[in-house]
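Trainee: Each chain, written out:
There are 2 protein chains.
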Amino acid sequence: MEKPEIIMAPGPTPVPPEVLLAQGSPLVYHRGPGYGDLLREVTEGLQRVYHTAGDVLIFAASGTGGLESAVQNLFSPGDRVVVPVAGYFGERFAKIAAAFGLDVRRIDYEWGTAVNAEDVRAALQEAPTKAVLVQHSETSTGVIHDVEAIAGVAKDAGVLMVVDGISSLGAVPYEGDAWGVDVCVGGSQKAFSATPGLAFVSVSPAAWEATKTATNPRFYFDWAAYKQAYDLPSPENPFTPAISLMLGMRAALRRYFDEGPEAVLDRHRILSAATKEGIRALGLDLSGEHLDRAWAVTAVNAPEGIDGNALVAKVRADHGIILAPGQGPLKGKVFRIGHLGNYDRFDIIRCLAALELTLAEMGYPVKPGSAVAAAEGVFAAHP
Amino acid sequence: MEKPEIIMAPGPTPVPPEVLLAQGSPLVYHRGPGYGDLLREVTEGLQRVYHTAGDVLIFAASGTGGLESAVQNLFSPGDRVVVPVAGYFGERFAKIAAAFGLDVRRIDYEWGTAVNAEDVRAALQEAPTKAVLVQHSETSTGVIHDVEAIAGVAKDAGVLMVVDGISSLGAVPYEGDAWGVDVCVGGSQKAFSATPGLAFVSVSPAAWEATKTATNPRFYFDWAAYKQAYDLPSPENPFTPAISLMLGMRAALRRYFDEGPEAVLDRHRILSAATKEGIRALGLDLSGEHLDRAWAVTAVNAPEGIDGNALVAKVRADHGIILAPGQGPLKGKVFRIGHLGNYDRFDIIRCLAALELTLAEMGYPVKPGSAVAAAEGVFAAHP
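Sequence lines, in order, name chains A and B.
Everything in the first sequence is counted per the working numbering, starting at 1015 for the first residue and increasing by one.
Everything in the second sequence is counted per the working numbering, starting at 1015 for the first residue and increasing by one.
Keep in mind that the hints are not guaranteed to be accurate.
In this list, chains with the same sequence are indistinguishable; a pair is considered to hold if it fits within one copy or across any two.
[Unchecked claim] BS3-like, lysine-lysine: derived pairs with alpha carbons at most 27 Å apart:
1. K1241 <-> K1345
2. K1109 <-> K1226
3. K1328 <-> K1347
4. K1144 <-> K1241
5. K1328 <-> K1345
6. K1328 <-> K1169
7. K1241 <-> K1226
8. K1381 <-> K1144
If you're looking for bench data, these hints aren't it; they were derived computationally from the structure.
Using the sequences plus the hints, can you model the full thing?
Mentor: Written out as structure tokens, the structure is:
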């Protein structure tokens, strides 16, 4: 089972050889100009990705560590936060906030629903609140929440806007400063196609201000310690960094800027459209709302009589292609195709062809080539 | 400054090509049998390293994250802990405990001193206490504390024994279960010569018991979440793991067991002795107590009139060899040579030769070849 696997799940994603080679090159010692240059290039690249003039901090951790860092650094026990929950990662953010003793005002949605900014406004009007915590891309449903609109509501109410952008950054349009986002958490293993193990956090001036009174305990993820070390003449980490992953991330960002941020977004938009047209051509229903913006992940309702988990398992067993199953209440009911990261058109074609073969074997009526033809139609229209 | 650097600091250490190649190989998807096998091999290897039948958990984090995980999972605010502080990492453990609101009973020593188990006994007798938190190797001074004796005292008092073994595991004899250690934190980038970014924690049954009543907030480092995922039929991580670093760590452990744990210890013992004899032959004084056990790091008093930091900077600038400077009160007064990890005899010879050249240039009277000859004497006696 150590053969290469064809990952089409929403992270980690296939890693380009340049990134793997960078990860396999000798270490740069973490005190000194070599690492200083590396850290500076990666943080400046991420500032461009985030469209922010504010700080971006990098942790050796999964994305969840980055989410926890926001809860630790911004809040004190008892602080009220509004947390829309429309999927697995909304649940996670609410759980982290609860673990740290915050007063969590959930707004519960059926999974697959897009968060409504007016619901957030109403929840903010109920009581004094410190922040809104919300996903940009809810990876479990593929739905993109309207962070721009929600951030506007947060700004109107004078509260912090904290975004889980782990599976959206780089794959979906995002404008940190222009939208008024205070904190946005990202991860290396998503649209950038680096490997997992680095979490990023953007921190606005208002967020820094909030850290000064926040009493939640923190040490490893203490933002101020990172800021102090980054501001040295030769930037450093307060704790030994994951140097190899930083080398990989630099290579990934160089690829990202070589292709061009707009071109990367365009690619994600077209691959998403091709995937969705292919799925529709099979007579399957997409799951979730506002899917014209869902460029990171496509969630599909499993057809009547076919279990989504069984389908995912069979595509993996027969074709080596790893799709993602449904989570929570969507378990067995949907399957998910990740198309964020280092994918090209023929990755989508391959995936749709595998689905045609497997669905037919499972007794679903498939016209061979129909999904592929629909995707080709999208590509032909976007040469 | 991106040229390969010759690291002789106490971590990160030079990484063998097999480990780099493993880190540069394609990802194994983190849900499924491939990753399950990887996780099982690494955790079982670490159990052998720790000499424990208890659990070993692995986090995507620096070693400091592992230390924080112990404070989060074992304690509640107000719990009394005894923390001997005889160097930079003793300070760090005390700071983490204070950040989480523990009642920290420090035992302060001059840096370079070895912790005395009887001091710990006396501190434990003063008031009801939950645990002792102590380094095995105090990296900042090179001194190895007598964890076996201190653990005996902790056991007598019925309190938990929590060890920072980050720079000792694999380099210095350690017997987790036999000594009665409850929790020991390790890191990938030290004696194993993998790259930084993974922290390990061993957890005894008594430590698990303590987690049940510990109220310190935690999420990313919540041990119970890891345990639950490790216990699945195909072991998993609760959060996306640093897959590439796990591939590197597996390669590092395979090397470690190929060489043999006893042979690795023997190598560290001999390289340490050769380093120390070389230093003495130069007429320099070693810094710290009980140095016959200091197999991980050798701290040296900078000679009269030569600043330790300037010496470290010049050895790096002239010869590309990265030594470590003194920290805290030892800043400028000592320099440190790391010899834990993937070093052989001629790495020590090279380092001593560089010191001979640089010290002579800085005006210190050196008999060329004298340090090298002394090291050769040690090697000749241990063919």
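Trainee: Work down the list of hints and note, for each, if the structure agrees.
Mentor: Each hint, compared with the structure:
no.: 1; hint: K1241 <-> K1345; verdict: between (41 Å within a copy, 23 Å between copies)
no.: 2; hint: K1109 <-> K1226; verdict: both (24 Å within a copy, 18 Å between copies)
no.: 3; hint: K1328 <-> K1347; verdict: within (15 Å within a copy, 64 Å between copies)
no.: 4; hint: K1144 <-> K1241; verdict: within (23 Å within a copy, 34 Å between copies)
no.: 5; hint: K1328 <-> K1345; verdict: within (16 Å within a copy, 61 Å between copies)
no.: 6; hint: K1328 <-> K1169; verdict: neither (47 Å within a copy, 53 Å between copies)
no.: 7; hint: K1241 <-> K1226; verdict: within (13 Å within a copy, 35 Å between copies)
no.: 8; hint: K1381 <-> K1144; verdict: neither (54 Å within a copy, 68 Å between copies)
Hints 6, 8, counting from the list given before, are not met by this structure.
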